[in-house]
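Given only the sequences and the hints, what does the whole structure look like? Please build it.
Protein chains in written order, with my numbering: chain A, 1 to 929; chain B, 1 to 192.
Do not rely on the hints blindly, as some may be mistaken.
[Claimed, not checked] Beta-carbon label-pair distances, calculated as ranges:
1) A:Glu742 with B:Gly42: 51 to 57 Å
2) A:Gly601 with B:Glu174: 57 to 63 Å
3) A:Leu724 with B:Arg59: 30 to 36 Å
4) B:Glu174 with A:Phe575: 45 to 51 Å
5) B:Thr160 with A:Ser284: 43 to 49 Å
6) A:Arg861 with B:Arg59: 46 to 52 Å
7) B:Gly42 with A:Gly279: 21 to 27 Å
8) B:Glu16 with A:Val911: 27 to 33 Å
[Claimed, not checked] Coverage of chain B stretches by chain A, computed from C-beta distances (three or more under 8 Å per stretch; other residues unrestricted):
9) 25-37
10) 41-55
[What the hints assert, rightly or not] Derived lysine to any residue pairs resembling SDA-like cross-links, with alpha carbons at most 20 Å apart:
11) B:Lys27 with A:Glu63
12) A:Lys528 with A:Thr538
13) A:Lys732 with A:Phe712
14) B:Lys27 with A:Gly61
15) B:Lys27 with A:Phe712
16) A:Lys732 with A:Ala747
17) A:Lys531 with A:Gly541
18) B:Lys27 with A:Ala747
19) B:Lys27 with B:Ala75
20) A:Lys732 with A:Ala694
21) B:Lys27 with A:Arg69
22) B:Lys27 with B:Trp142
None of these hints come from the bench; they were simulated from the model.
Here the structure is a predicted model, which means the values were calculated and not measured.
Glycine included, every Cβ here is placed at the ideal spot set by N, Cα and C.
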Amino acid sequence: MSLHTGTKPGVCYGPLVTGAGSGQTGDSRDSEFRAAFGAGAPTRSSLRLAVLEGRLSERLGAEPTVPVRLGRFELRDRIGAGGMGAVYLAHDPALDRGVAIKLLHGWTSSAPQALIAEAQALARLSHENIVEVYGIGVDDDEPATLFVAMEYVPGLDLERWLQTAPTWREVARAFVDAGRGLASAHASGVLHGDFKPANVLRRENGRIKVIDFGLAKIVEQLRVSQSDTHSGPRDGPTGGTLGYCAPEKLEGGRDTHASDQFSFCVAAYRGLCGRLPFGAASRSAFAAALARGPSHPLPRHIPRDVAQVLARGMHRDPSARWPDMATLVRELESAVGRRPRWSPWLGVGIGLVLATAVWVAGTDPQQSPDCSAADSSTRDLWHPERRRAVQSSFEAAPQRFVVEAAPIVVSTIDAYVERLAAARIEICETRSVTGRTGTATEASSVCLESREDGLDRFLSRIERAEGLAASIAASHALERVAPCLRPDLDTARTRFADERRHRVDQVDASLQALGESYAAGTSEGGAKRAKQLLVASTELGYEPGRARALNLLGAFSSVDGRIPEAHGFFESAYFAAQSGRDDELALKAVRNLVSNASRRGDYLGALYWARQGRARIGSESDPIEVAKLEYAESIALISLGRTDDALDRLRRVLETRSWLLGTDHPQTADAQFEIGNAQLAAGDLEAALASYDASRSKHERSLGAHHPSLAFVHHNVGNVQFHLGSPDAARKSWERALEIEEGTLGADDARLGGTLANLATAANEADDPERALVYAERSQAILEAAYGSQHPDLIQTLTESGKAHLALGRTQAGKAAFEAAIEIGRGAFDGQHEAMLGPLAGAARAAWMMGDADATLRHSRQLLELEGFSSGDPGAAADALWVMARAQLAAGQTREAQRTAKRAVTSYSAVGDDDSVTAVTTWLEALDD
Amino acid sequence: MIEREDDFVLLTSWREGDRSAGGRLIKRYSGLLLRFFRTKVGEDADDLVQQTFVACTERKDAIQNPASFRAYLLAIARGLLVEHFRRKSRHHKRFDALETSVADLEPTPSQHLAKNEERRLMGEALRRIPLELQVALELYYWEGMAGPELAAALDLPEGTVRTRLRRGRQLVRERLAELGAPADEPLGGSSH
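Here it is, written out as structure tokens:
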């Protein structure tokens, strides 16, 4: 498969170094430096540059260039670079599919034929966990390049995927799949030679594909034939990567099944534990570590069998490892499956197994007490009966969305318990390995204990079926575990002498419990309790306690709607946190101040507080708290119209939350939702719709599809769809909002009135007046029952009623509805409000339909005098003008009629309503006669 | 690099929608930008090149007395580079380009296959000096920029540029010595 390139890649630009102004520096050794410096200039890869230029031209609206070709493939984009060469995304026009092309540099066409044949053997491998190789070719033009065309796998390599902190089971499963791929290749007689996480790709759906089989060997042969010096300390002499490379290969041996096995087990170990078992600093360090055993035992929650399977595969002596990959994979699979059976394979060579077991148990058997029971306090909290009880509690609830949320909550708690348990073990191990006790680990233990107590209280509330609805979201907001493990954890309490420490602990515990009941919505008398705790903290001189109590007081005031009072509390909390030198609490208080200011409509004030908060952010700040601050700030920015700044911050918030809390977390969903709001405010409707949609699925997955929070999302989606001109889609979205609201608030709740009014609007817009009437009448009934007949919220409802009546030919009823709306508007805001647009226009139309020119004119004039008349809804303005023109004519005001009609024509053309333009123009022409 | 005065004219045309003008600018300057970014951000270089061009076309500024188009472009590129690192700094550490080197920011070096040891060492040394000094040295030695042009690209007075170059050279020598550059290398390990 030896092919020519199509077009030559671009030329190199400019000479390297010419002596430009050496007199500038006055340094006598400059010329030497220059020479040395010049040597360091990066190689100009003309291919890379050419592909980049192509891509840029396409994306930046510049004149397109001819695509760079390699063989029959058109290179589109560079998607990565590995140790051997770059990878490009390319298009195969012959089969019309995307392929990935890996380039290997430095190839000369005088390479042995046997190598090419071997390379082609790779192309015959076929297994779902091996990347398919379509072909291998040589590009003869200079510099000659070997390229491999293979299946394009969109996704991450395992190296990067592992950074996203997947669960150990997901990691294990991924490696089992990769192992299967390896086993299959071995069965076909192909060895990998350089297995490591970077050589395993993972698609979004979890499918695993191993890449780069045998290429390491080919490349190494290349290097040997080129007599290139090696690049960097990482490469072994026969291909492979230091750290993963089997010891026998380091000593000059060849690739074998056993050496692949070694690399596989090292990689799996690294995936499960985060560290290479034997390091990779240098060959000598590696060899020494190999003799000592893995640097760090696998985390305790991973079954011991797994560790033993891997340990055998990593044995220094190749003949002691597993007989083949297939067996290894089988053993690994069953070990992961936690089947506690005694495997015959584990029994054989028991001496070896015991020897390796020494490594697995820890660095030094004498020194480490058993930490395997360190998580018992956590596990006891979440034993199977309790888990069942919690689940039943949810399933027995009357509200549908609570029942639906049962599995979500249980799995969220499962994950939380895992994190707590792992933390417990880690603290124990830190203590035993380092022999370190003292304030740091003690503080961590106390911290974890308080988390466990909090979890216990949370679970007890659920068991008593208290505040179930609020606990769905609260399950995601249990106090995070990670902060307990920070080595610099130093609570203010340690500054107190012992006798006060106890009382401070009590105050803290009470504050904690109070905060939890606030979050659960079960806190009558909470404000009083908070005041008591404030007094207690003041007496103790415990500033952080004062700060927390004041924060809570602010929260309680906010809930009761006493916003200015809340501001005072939050401000005091902020100052208390400052004097207590507690940056975290200060950040919390500031965030509350920002939200509070927004609620008061003082957006500039909100930004002021955000600036204060930002000044307190340091490298130790909890990123989640920082994200909350930025989130609150963005809301103010949106209201101020600074949507770009808001989006900037919100994207950071989204990234932080996705990373630290997961994509299916209510906070992450909220961030996504707010991005939609910002985009909507900026007028970017399509983007807003996409964001709302993304937030909807996140909300659904984290809270359940009928959770009250979903109602907001459906509302906004409907808004956007309506403005994008899809009233039917909007109606369906609003229907879903209504369904949720009915489920959570009850069918007669006043808040449904607004949703129903929107539904009426959508139905009218979609030319379905019967349905619109049904909605409108229900809305009216609810609103009048809740607020009486003069409430401004009724204006929209009555207007839609009116429109529906008119559409059905019931002019009297329509007129009555519009006039009722006008009455309310006059009473509520003196008639000057854009909400009057609808009713006035409707009343004018109704009057016209009834032949009452005077009434038509009266209403029309009022309409025209409304501020924002023509800018608000140009189509409606045009309609109103048209009606008015005809009324003027009927009233004998011919010249005014003509002028008004001409204005109507202008407005109609502006909105592109050509039919109406024609109608009015014809009418005008008839007048001239 | 042959200086072309009409590059600013091309830019204006591109901003107004002239696609062929854009194509020519891309062909002329992609290489420069790629070289600039590649030694500092590895894989993200392609994206940053794109962003630089985008920033160029989106600006509405009347270009104020620029030394050269190259300098103008590089000044934009520098700004994007700093912003790129700021964003990557996950824990809000204060990022100061004068204090931080690429090696601090990118602990795993990008996988350039250096053809020889000398090039590799120089590359390593450059990555370990503060970013602003690295930029100054590269522009001076690899792109042959100097005088007012270099000052414009770095957005500094010429005197400061000379100081930066001096300090950069000194630090590179020190790093090379630390990295164990061979004894017969022209720069040597002796103090300057």
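Quick rundown of the hints versus the structure:
| no. | hint | in the structure |
| --- | --- | --- |
| 1 | A:Glu742 with B:Gly42: 51 to 57 Å | holds, 55 Å |
| 2 | A:Gly601 with B:Glu174: 57 to 63 Å | holds, 58 Å |
| 3 | A:Leu724 with B:Arg59: 30 to 36 Å | holds, 31 Å |
| 4 | B:Glu174 with A:Phe575: 45 to 51 Å | holds, 48 Å |
| 5 | B:Thr160 with A:Ser284: 43 to 49 Å | holds, 46 Å |
| 6 | A:Arg861 with B:Arg59: 46 to 52 Å | holds, 49 Å |
| 7 | B:Gly42 with A:Gly279: 21 to 27 Å | holds, 24 Å |
| 8 | B:Glu16 with A:Val911: 27 to 33 Å | holds, 30 Å |
| 9 | 25-37 | holds (count 9) |
| 10 | 41-55 | holds (count 7) |
| 11 | B:Lys27 with A:Glu63 | holds, 10 Å |
| 12 | A:Lys528 with A:Thr538 | holds, 15 Å |
| 13 | A:Lys732 with A:Phe712 | holds, 14 Å |
| 14 | B:Lys27 with A:Gly61 | holds, 13 Å |
| 15 | B:Lys27 with A:Phe712 | violated, 49 Å |
| 16 | A:Lys732 with A:Ala747 | holds, 18 Å |
| 17 | A:Lys531 with A:Gly541 | holds, 15 Å |
| 18 | B:Lys27 with A:Ala747 | violated, 66 Å |
| 19 | B:Lys27 with B:Ala75 | holds, 19 Å |
| 20 | A:Lys732 with A:Ala694 | holds, 18 Å |
| 21 | B:Lys27 with A:Arg69 | holds, 17 Å |
| 22 | B:Lys27 with B:Trp142 | holds, 19 Å |
Going down the numbered hints, you'll see the structure goes against 15, 18, while the others check out.
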